[in-house]
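K.L.:
Read off the chains here:
There are 2 protein chains.
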Amino acid sequence: MNKTALLSLSLSLLAMACTPGRQAGNNRQIIIQEQGSFAAGGTVIKNPGTFDPCKPTPDGQTFSGDHAYVFYQVPANARKYPLVMWHGIGQFSKTWETTPDGREGYQNIFLRRRFGVYILDQPRRGDASRSTVAATINPTPDEQQWFGVFRLGIWPNYFDGVQFARDTNTLNQYFRQMIPNIGPIDIAVTTDAASALFTKIGPAILVTHSHAGGMGWLTAVKNQNVKAIVSYEPGSGFLFPEGEVPEPIAMTGGSLAAVGIPMAQFMALTKIPIIIYYGDNIPDKPSDNPGTDGWRARLEMARRWRDVVNKHGGDVKVIHLPEVGLKGNTHFPFSDLNNIAVADLMSAWLNEKKLDN
Amino acid sequence: MNKTALLSLSLSLLAMACTPGRQAGNNRQIIIQEQGSFAAGGTVIKNPGTFDPCKPTPDGQTFSGDHAYVFYQVPANARKYPLVMWHGIGQFSKTWETTPDGREGYQNIFLRRRFGVYILDQPRRGDASRSTVAATINPTPDEQQWFGVFRLGIWPNYFDGVQFARDTNTLNQYFRQMIPNIGPIDIAVTTDAASALFTKIGPAILVTHSHAGGMGWLTAVKNQNVKAIVSYEPGSGFLFPEGEVPEPIAMTGGSLAAVGIPMAQFMALTKIPIIIYYGDNIPDKPSDNPGTDGWRARLEMARRWRDVVNKHGGDVKVIHLPEVGLKGNTHFPFSDLNNIAVADLMSAWLNEKKLDN
Chain H
1 MNKTALLSLS
11 LSLLAMACTP
21 GRQAGNNRQI
31 IIQEQGSFAA
41 GGTVIKNPGT
51 FDPCKPTPDG
61 QTFSGDHAYV
71 FYQVPANARK
81 YPLVMWHGIG
91 QFSKTWETTP
101 DGREGYQNIF
111 LRRRFGVYIL
121 DQPRRGDASR
131 STVAATINPT
141 PDEQQWFGVF
151 RLGIWPNYFD
161 GVQFARDTNT
171 LNQYFRQMIP
181 NIGPIDIAVT
191 TDAASALFTK
201 IGPAILVTHS
211 HAGGMGWLTA
221 VKNQNVKAIV
231 SYEPGSGFLF
241 PEGEVPEPIA
251 MTGGSLAAVG
261 IPMAQFMALT
271 KIPIIIYYGD
281 NIPDKPSDNP
291 GTDGWRARLE
301 MARRWRDVVN
311 KHGGDVKVIH
321 LPEVGLKGNT
331 HFPFSDLNNI
341 AVADLMSAWL
351 NEKKLDN
Chain G
1001 MNKTALLSLS
1011 LSLLAMACTP
1021 GRQAGNNRQI
1031 IIQEQGSFAA
1041 GGTVIKNPGT
1051 FDPCKPTPDG
1061 QTFSGDHAYV
1071 FYQVPANARK
1081 YPLVMWHGIG
1091 QFSKTWETTP
1101 DGREGYQNIF
1111 LRRRFGVYIL
1121 DQPRRGDASR
1131 STVAATINPT
1141 PDEQQWFGVF
1151 RLGIWPNYFD
1161 GVQFARDTNT
1171 LNQYFRQMIP
1181 NIGPIDIAVT
1191 TDAASALFTK
1201 IGPAILVTHS
1211 HAGGMGWLTA
1221 VKNQNVKAIV
1231 SYEPGSGFLF
1241 PEGEVPEPIA
1251 MTGGSLAAVG
1261 IPMAQFMALT
1271 KIPIIIYYGD
1281 NIPDKPSDNP
1291 GTDGWRARLE
1301 MARRWRDVVN
1311 KHGGDVKVIH
1321 LPEVGLKGNT
1331 HFPFSDLNNI
1341 AVADLMSAWL
1351 NEKKLDN
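As you go down the protein sequences, you meet chains H and G in turn. All residue numbers for the first sequence refer to this note's numbering, where the first residue is 1 and numbers rise by one. All residue numbers for the second sequence refer to this note's numbering, where the first residue is 1001 and numbers rise by one.
What the hints contain is simulated information worked out from the structure, not anything from laboratory work. Glycine included, every Cβ here is placed at the ideal spot set by N, Cα and C. Where hints are given, some of them may not hold.
Only part of the chain G face toward chain H is listed, based on derived beta-carbon distances under 10 Å [claimed, not checked]:
#	residue
1	D1142
2	F1147
3	H1312
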């Protein structure tokens, strides 16, 4: 091989190594400094009476429930603030793990970016299903409806250009990401457990999805260790100062109400940077498609909320992804086909806010 | 600092680095080649009728459930056969993760020993709680009873020398490891899902706990990718050839029955190496303590089973841990205070059987 050929080969190898998304071999390893799991928060019920070990009945026994379950990983050379990832309605930790089509989700993506990652199952869900309240659960067929609400398309058709793989195995994995609540979702219970997590681990950045959006605001009100919030498609529970609560926003099949809290509590939300992202295929005007129309109302409410928080000195930004060039995102931008680009936006914001030291 | 002092300091640092259990810095890192999660197996219910996206009802919709949920990690330079870890009754993946007192469990221990680790939540449990059958769940206080059945002691007293930390936070974490079934445990459903996992990942070693013991034997009957089984305190479901099923063994509060299967199926269990471990504080003779007496019956049944499998050409070993010098183990030897020694026994057996290449 002459020198020119050798140089050419070297340049080829260099080009391969530098091609985004084609990292090979050891570049793909994740070095974990520490990983594990624990229960955070929760309560204990104590039955009256005396426990008899030889003739056990519920008398005198305890029941510990309503905690969150947390699995965490801290990479080598971790950045200062870890990320706490909180799933949405009917979901669990899977939201952030392997995507339905088998790619890496936010868990791995942000471990690679040297963030500690704490993923929770909220109280009464999944691995935190030791609920202190009774529940009856029925397997009600609902997947075609979620296909619409999660904005994959209008069953059985996908939206043009939707960032979701169209094979049946992907859809099979996606539907199996949903699990039931064991008893009602109790906002005080879930936010107490999330707050207990922040008390245990110290200052961290909260990343919420959908129904966890509103619970995330409330967790930040409860605990100053919430240093920032990244919220994907928050669904409900926007907290306004009492006296400044907007009228509910009408949407197909109902309306979206806001929540009033005392000004002293509200002000906590003006002290931290917050960014909100919504995906694509959200109608501009009222639509008779209940799958998408709710998201029009929520995006509108998020913008009203941004304006009120910022008026009181806050730092809230609302990004409608198509407006910044990311098209086709569903209700799950962090696991969509373009989730690296979605994560890049989040990384840039964390950098801008000096949250990635 | 003079040369002697410098040498002395260097030797001190060297000594610190070499003290067992005090590995510092990079020695404690786990290098992950790949990690993620997926649903394995399961079924789909389809409701009759036609789905209308604009007026959704359950008509024409599907429900995908009864799969196992699996979180896996493959370390760098992994050994040939990964470990599939299957929790016991009322438990989930937590069984194998951080111990109740905050040390590393089998997940980390065996990643460090270069095994791929697949941990499942069985169908209708935890993160696999999308059950195809209806369920009513009541939070019944039961923790003092489990304290006895899991052989920590006789409430409120711990057994002398029990391998379990006695602080309240440990017990709090321990009790929160229990979660409900969403609907009845269906052995065909759980073993079908476990078998689907082995079909997906290929040859692997199954590690079971307690109630998963019997389901583990059945999974090996169903799937030849089960290359070996390590079973901690199997509780029920010992499979004998029809015609060779022993009488039930009486125990306080009931009896322990064995299960008959056709000889052709049974013979699968003679083709793979199997090791069974039981912990300490199991009575030799019938006892009126229902917390411990069941384990006497199960240990006796395990030995009968060993003899029958081995008579037909199998390779089953039953280890009662106190007999090999490990004292004080509970129903959870793999998370007990001496779990490194317990893991060392397992590693030695895997090595003896050439399962750790």
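K.L.:
Now, for every hint given, state plainly whether the structure supports it.
P.N.:
Here is what the structure says about each hint:
1. Checking D1142(G) against chain H: minimum C-beta separation of about 6 Å stays under 10 Å; hint holds.
2. Given hint, F1147(G) at the interface with chain H, holds; its Cβ is 8 Å from that chain's nearest Cβ, closer than 10 Å.
3. For H1312(G), the interface hint is violated, since its Cβ never comes within 10 Å of a Cβ in chain H; the closest pair sits about 39 Å apart.
When the structure is compared with the earlier hints, a violation turns up for hint 3 alone.
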